[in-house]
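Q: Each chain is listed here by its residues.
2 protein chains.
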Amino acid sequence: MKPKGLACFAVAALALAPMAAFAQAPTPPNPPLAPLQEPAKTLPVPYADISPAMQAFIAKPLNPDWNDQWKTGAEARAYANKQAAGVVPGIPAMLARLHVTMKSETMAGVHVYVLTPDSIPPENKGKVLIHVHGGCYVLFPGESGTTEGIMMAGFGHYKVISVDYRMPPEAYFPAALDDAVAVYKDVLKTTPPKDVAFFGTSAGGALTLEMVLRARQDGLPMPGAIAPGTPMSDVTKTGDSFYTNEKVDNVLVSRDGFCQAATVIYAHGHDLADPLLSPVYGDMHGFPPAILTTGTRDLLLSNTVRVHRKLLRSGVPAILEVFEGESHAQYQFDDRVPETKEAFTEIADFFGQYLGH
Amino acid sequence: MKPKGLACFAVAALALAPMAAFAQAPTPPNPPLAPLQEPAKTLPVPYADISPAMQAFIAKPLNPDWNDQWKTGAEARAYANKQAAGVVPGIPAMLARLHVTMKSETMAGVHVYVLTPDSIPPENKGKVLIHVHGGCYVLFPGESGTTEGIMMAGFGHYKVISVDYRMPPEAYFPAALDDAVAVYKDVLKTTPPKDVAFFGTSAGGALTLEMVLRARQDGLPMPGAIAPGTPMSDVTKTGDSFYTNEKVDNVLVSRDGFCQAATVIYAHGHDLADPLLSPVYGDMHGFPPAILTTGTRDLLLSNTVRVHRKLLRSGVPAILEVFEGESHAQYQFDDRVPETKEAFTEIADFFGQYLGH
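Taken in order, these protein sequences are the chains called R and A.
Counting from 8, one number per residue, gives the positions in the first sequence under the working numbering.
Counting from 8, one number per residue, gives the positions in the second sequence under the working numbering.
Only true hints are included.
Restricting the straight-line Cα-Cα distance to at most 30 Å, the calculated cross-link-like pairs of lysine-lysine (DSS-like) are:
#, chain 1, residue 1, chain 2, residue 2
1, A, K244, R, K48
2, A, K67, R, K244
3, A, K348, A, K67
4, R, K254, A, K244
5, A, K244, R, K67
None of these hints come from the bench; they were simulated from the model.
Bound-form chain R, shown alone:
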């Protein structure tokens, strides 16, 4: 069947745009409107329409490290290395489960992992997904940053290039973005842009959006589709769920926690409202079709919803997936959880509709 996704989505999106899409950080009303006082509450673990394996992630207590306030790249890296040591030993079994092969390579001077599924269906041949991992711009160095890429290769049956971008203390803003865009340029030497997608979660979701903004700045063609997963699209702490889901999200926990400290380290004095750090403030007209994924307990629910709205208001085909009860990025914590396969299958299906057209 000939995919007609772009056509049908584009009709809806172009007809819409009743509200202006804002291109800079808004100012709060003056005088301020009265806030709401939310009382203390007991939140049972939700179970309806949620697999027992995902319920176990939702039931975890608040991340005990949520308030780590790293001051330097070296401090963040020490934590990242400790965390990576817990992740890396599980990767061979994960590759085996998902029937994916991993190769360490260098592209345009950037270290990458090329992730190839054992079977690539004919319609996915020649297509390339560029993966930018999450971790608040400081976590998941080296192989530890590949897990989401492996899931996409395995569940989606696409070739994935996972960018091991430079991070503090080696390099600061915009090094991660420079590396990711350098890989895109290199991929373009052999692959038409319409056969390329960008994806990633959290900081990787932000980088996905930032790559599109930077590609346009650099005069590069747009990729065929993007999947910004629960993107750190606004690191100025603006967005309602920074408040409503504070101490409800058991992963990030607070807008003032480790992830904000890490982002400040990466930004290295740069304005946090710059669209290359807070891409919700970028001009999204002409962006490629996008699928966004988040959860109802996600601290970045608003960051995700706002990007979805802004894309639609900018005439871009964009769809939103929200998982019941999930906190930040939990849809990609474990490939053995049914909702993980579901999320990646949805993203891969979306790429299948849009890539190549």
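Got chain R sorted already, so can you dock chain A onto it with the hints?
A: Only chain A this time, still in chain R's reference frame:
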């Protein structure tokens, strides 16, 4: 341009379905998992990417009537009449603003309002949208229930039939559904099913889903599309946002408030987990394409998300729109708010993609 929406969505949806779609109320884990203790918090009024007019709705204090515990249909009706008296005087101006004409009629013995926009584009001619209003199955009698229908007629440029279904104390479950399906049957005498859509918000969102379940039971053909807005899809108080958004949603406020009391009156002793009262437990395979709308502060965010997930898991093309900061049903409170036009334009565009095919 030839709409190809059904084809492209169906490809994605059919390829997906990695999780079983549950068809009955689930049981909680035993022993129960430990709940999360959420502390008291101050929630500022969100402003980014939100119009000042919508900010004013978000800034309202908790609905002062949220804990009204009506015990009888007569008590609920007394409140409904008082509320309607505040709504009805504004309707002529609203009809004028939106260039819509309203006529009171009877179809198959059911009282309806036929809402006709001054201009219907050629592609919408002959198409009929059946509107079922919200109000917890007891509120918005008569003309007061037409506002959402007027918005859809005005913003969407479709003919709308708004069903003034019987409510307590005149009639109880399943009278509302009987009336709505009777109108559908009558419409089918002159209109092909693929040219008909159902839509509504809250109880109207639930009725939209219940109409599809009942139509199938009765051997009627499926309509071309549906738009269940923040549906009361689970009145067993199951769903995470019943807890996370308690006393955050300033409209419904609590799962134990007036809306639950009203639903119990309407159910009249019937099992609340029956899919004709809690349609999230219905079998959704073969449902028509659906667009769902909610807000991040909506008490029924989870009720909406769970229906979206279940539709996708059942192979149904379904998309989800979530508005930043909005509480229950606020996207249809006032036609002069930019986000209202945006929401109805999205629904109308969706109908435009799917109706007639």
